[in-house]
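J.: If you want the building blocks of each chain, they are given just below.
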Amino acid sequence: MGNIFGFSISPSSTVNLDNVDFTLFDRLHELEPDAWKCMSCGSCGATCPAGNFSGMSLRKVLHNLQRGKEKEAVKMLQNCMLCGKCSIVCPRGINTRHLILSICKLYKED
Amino acid sequence: MRERFLTGYNDFVLPFMIGMVFILSYCIIALIRIIAQLPKEDRRHFFVSLVTPKTLVKNIKDIFCDCLLHVKIWKRNKLLGYMHSSIAFGWFMLIIVGHIEVLLYTPHRAKLFYYPIFFRYFVAETESTMKGAVLFFLMDFFLLVVLSGIVLAIVKRIRSRMFGMRRTTNPSFLDLVGLYSLWSIFPLRLLAEGFTADISGGSFLTKSLNYVFTSFLSDHANMLPSWWAYSCALGIFFCVLPFTRYMHIPSEILLIPLRNAGIRIRHARKGLAKAEVYSCPSCGLCIDACPMGVQKANIKDTTVYLNRQIRRNNETRIEEISDKCLLCGKCTAICPVGVEGDKLRIAQRSIRKYGINPDYSSISTGPLTCDSRGKVLYYSGCMTALTPSIRKAMESVLRKAGVEYELMDKDGGICCGRPMWMAGRFDQAKQMVEKNTEIIKGSGAGTLLLTCPICYKIFKERYRLDGIRVVHHTEFIDSLISEGRLKVRRDTNKYVYHDPCELGRGSGIYEQPRNVLLRAGTLVEAAKNRKESICCGGSVGSLTLGFDKRKALTENSLNNLTVASPDIIVTACPLCLNTLSRYADRKVEDIAETIDRNTSN
Numbered sequence: 001m002g003n004i005f006g007f008s009i010s011p012s013s014t015v016n017l018d019n020v021d022f023t024l025f026d027r028l029h030e031l032e033p034d035a036w037k038c039m040s041c042g043s044c045g046a047t048c049p050a051g052n053f054s055g056m057s058l059r060k061v062l063h064n065l066q067r068g069k070e071k072e073a074v075k076m077l078q079n080c081m082l083c084g085k086c087s088i089v090c091p092r093g094i095n096t097r098h099l100i101l102s103i104c105k106l107y108k109e110d
Numbered sequence: 001m002r003e004r005f006l007t008g009y010n011d012f013v014l015p016f017m018i019g020m021v022f023i024l025s026y027c028i029i030a031l032i033r034i035i036a037q038l039p040k041e042d043r044r045h046f047f048v049s050l051v052t053p054k055t056l057v058k059n060i061k062d063i064f065c066d067c068l069l070h071v072k073i074w075k076r077n078k079l080l081g082y083m084h085s086s087i088a089f090g091w092f093m094l095i096i097v098g099h100i101e102v103l104l105y106t107p108h109r110a111k112l113f114y115y116p117i118f119f120r121y122f123v124a125e126t127e128s129t130m131k132g133a134v135l136f137f138l139m140d141f142f143l144l145v146v147l148s149g150i151v152l153a154i155v156k157r158i159r160s161r162m163f164g165m166r167r168t169t170n171p172s173f174l175d176l177v178g179l180y181s182l183w184s185i186f187p188l189r190l191l192a193e194g195f196t197a198d199i200s201g202g203s204f205l206t207k208s209l210n211y212v213f214t215s216f217l218s219d220h221a222n223m224l225p226s227w228w229a230y231s232c233a234l235g236i237f238f239c240v241l242p243f244t245r246y247m248h249i250p251s252e253i254l255l256i257p258l259r260n261a262g263i264r265i266r267h268a269r270k271g272l273a274k275a276e277v278y279s280c281p282s283c284g285l286c287i288d289a290c291p292m293g294v295q296k297a298n299i300k301d302t303t304v305y306l307n308r309q310i311r312r313n314n315e316t317r318i319e320e321i322s323d324k325c326l327l328c329g330k331c332t333a334i335c336p337v338g339v340e341g342d343k344l345r346i347a348q349r350s351i352r353k354y355g356i357n358p359d360y361s362s363i364s365t366g367p368l369t370c371d372s373r374g375k376v377l378y379y380s381g382c383m384t385a386l387t388p389s390i391r392k393a394m395e396s397v398l399r400k401a402g403v404e405y406e407l408m409d410k411d412g413g414i415c416c417g418r419p420m421w422m423a424g425r426f427d428q429a430k431q432m433v434e435k436n437t438e439i440i441k442g443s444g445a446g447t448l449l450l451t452c453p454i455c456y457k458i459f460k461e462r463y464r465l466d467g468i469r470v471v472h473h474t475e476f477i478d479s480l481i482s483e484g485r486l487k488v489r490r491d492t493n494k495y496v497y498h499d500p501c502e503l504g505r506g507s508g509i510y511e512q513p514r515n516v517l518l519r520a521g522t523l524v525e526a527a528k529n530r531k532e533s534i535c536c537g538g539s540v541g542s543l544t545l546g547f548d549k550r551k552a553l554t555e556n557s558l559n560n561l562t563v564a565s566p567d568i569i570v571t572a573c574p575l576c577l578n579t580l581s582r583y584a585d586r587k588v589e590d591i592a593e594t595i596d597r598n599t600s601n
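Protein chains in written order, with this note's numbering: chain G, 1 to 110; chain Z, 1 to 601.
A portion of the hints provided could be inaccurate.
Calculated pairs, DSS-like style, for lysine-lysine (alpha carbon to alpha carbon, straight line, at most 25 Å) [as the list claims (entries may be wrong)]: (1) Z/Lys587 to Z/Lys551; (2) G/Lys69 to Z/Lys353; (3) Z/Lys324 to G/Lys105; (4) G/Lys105 to Z/Lys549; (5) Z/Lys587 to G/Lys37; (6) Z/Lys430 to Z/Lys343; (7) G/Lys37 to Z/Lys324.
If you are wondering where the hints come from, they were derived from the structure by calculation, not from laboratory data.
All chains, please: the whole structure from these sequences, using the hints.
T.: The following block contains the structure:
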């Protein structure tokens, strides 16, 4: 998409789920069945102290993983301070800290 | 006393000698290994402490009080204390008096290892022996003391409640072998000495037994099997000792000087951690103490089982046990040998490998720093941000007392690092500590005020804020009142104070909050309070306990708090407040709210 008359077209953000490798994601749900409980209310993101600095939100992390956008998810998780506020506010009672640590164990930076 | 045998030897000493040589070489190798595993700096520190007169005296005193007299267990339960000290101290005295006898009567045999143990077999009484009657009496007396301890130990197996223990540990197979051989050592000794008492002399116990035996077993040939049995019991006990809980006997002698030298756990399995694991006597006092014990499923996740699994290198169970713990520190507080269950678990968590490692270097501390020279800097922390009533009340109290203050994290700040530290991710926690230190030092404040004990603990322990006074709000309110800057009215309410784990056991603050509440109304105590207070169940220490599994813990904690039927439960931790108020049948509030209500102007 070159520069056409001073305008450029942003690349498509379509996610093709057929091309996404879900092995790690499935493994995560085996370890953390609680993760299925998330209803994306966003309470975690709203209270997150790391969110202030980086836009970190556990809801977004889960969404990104679900859509195969691992890079974005990993980048976001690198800001987590593990303070545990999200686990207190979670209306579904998800043990978010363990979920975060499990993601940190399964996925890799790069 | 004269010797009966020219050689001074009989084959029956062999089982004892094999056991003794084995256990001695095992202990020496283990000792060298543990000391070699200490980091260089710690090792130097340890050796220096061994020759420092002050720590030397403390070491000797602690070893005598803890290993022989078991003073800590006496304080807990008299019967349990007597059982332990009678066996340990009685046995110790038997060994000492036995050696004195050898040195006195047959000094040329003193170099023989087994001679003091089997002295009575090798000697015969002579005319002049009566001079040693005191020693004979002492030997029998201490044997009786030990035997009474063994009887109590057998009773304890059947009825542990008599000893103040609701639940005890399930012994492993080898523990049972050790247990039964230990139990049989002393009755067998009595039997063996009873058989020889008419030759070698004895006192009220052995002599009388000998009269009974001679009435139907007049043949002296009977004595040898009983001496063999005694020696075998000793041999078996020493041979299984390293693989049983009885390893705590030699380990504790090493653990005490290590602890007095101020050494910390630096490695999950090596050095001090190893000494602690092997010093665990599997007594099971931590089972009753553990707040998770209210649910039967959690009993196997207590510190005593953690130590057992670490000794077995059962990695799966080690991970489960160390991740489940709330890190309330109660097992550490009540442990008679000083095993630090909470720190041991954090160390286990610290060896995990993670693929994603958070990094906070991009956070700029400039915008977070506010000028607060000469003022009090108030860092409310993440948990207080979720309980704004505490912050509101605290600010109001500060205004009433005329304290100039500045909020450090009004629009959100960086976490103190303690939850990350508890998860065993030290590098990440240290990064947060550095960032916060920058902000605090940059602000120029002289005092840092905290309303959250979780923050308070790490600020006290890991932050290097030279010259800045770090106070928890309970301390701060207490000092405001005693300085006369805050006038508190008494009301008619009956208060109970819940000691938050991180503030009480974690930082040793018990009196200040009580002083404050005494001025606000009537203060009653919970059934278990101070050092033994029961965790609310909301702790960020536990990684795996889910929300639904914590309810029973909170209810147990509430039942403990409400025995004296208080009107209001007061705590000093936002997380405790949050957790307790979920299930409480009466009002739960923070101490700042109580004081705010009872002050005017």
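J.: Taking the hints in turn, state whether each one holds.
T.: Hints and how they fare:
1. Distance check on the hinted pair: Z/Lys587 and Z/Lys551 sit about 18 Å apart at the alpha-carbon level, within 25 Å; holds.
2. Distance restraint check for G/Lys69 and Z/Lys353: the Cα-Cα separation of roughly 23 Å lies within the 25 Å cut-off, and the hinted pair is therefore satisfied.
3. Simply put, Z/Lys324 and G/Lys105 have alpha-carbon atoms about 17 Å apart, close enough for the 25 Å limit, and the pair holds.
4. Pair hint G/Lys105 plus Z/Lys549 holds up; C-alpha atoms about 24 Å apart against a cutoff of 25 Å.
5. Using a Cα cut-off of 25 Å, the hinted pair Z/Lys587 and G/Lys37 is violated, with the two alpha carbons roughly 31 Å apart.
6. For a cut-off of 25 Å, the pair hint linking Z/Lys430 to Z/Lys343 stands: about 17 Å separates their Cα positions.
7. Taking the CA atoms of G/Lys37 and Z/Lys324, the gap is about 21 Å. The hint holds against a cut of 25 Å.
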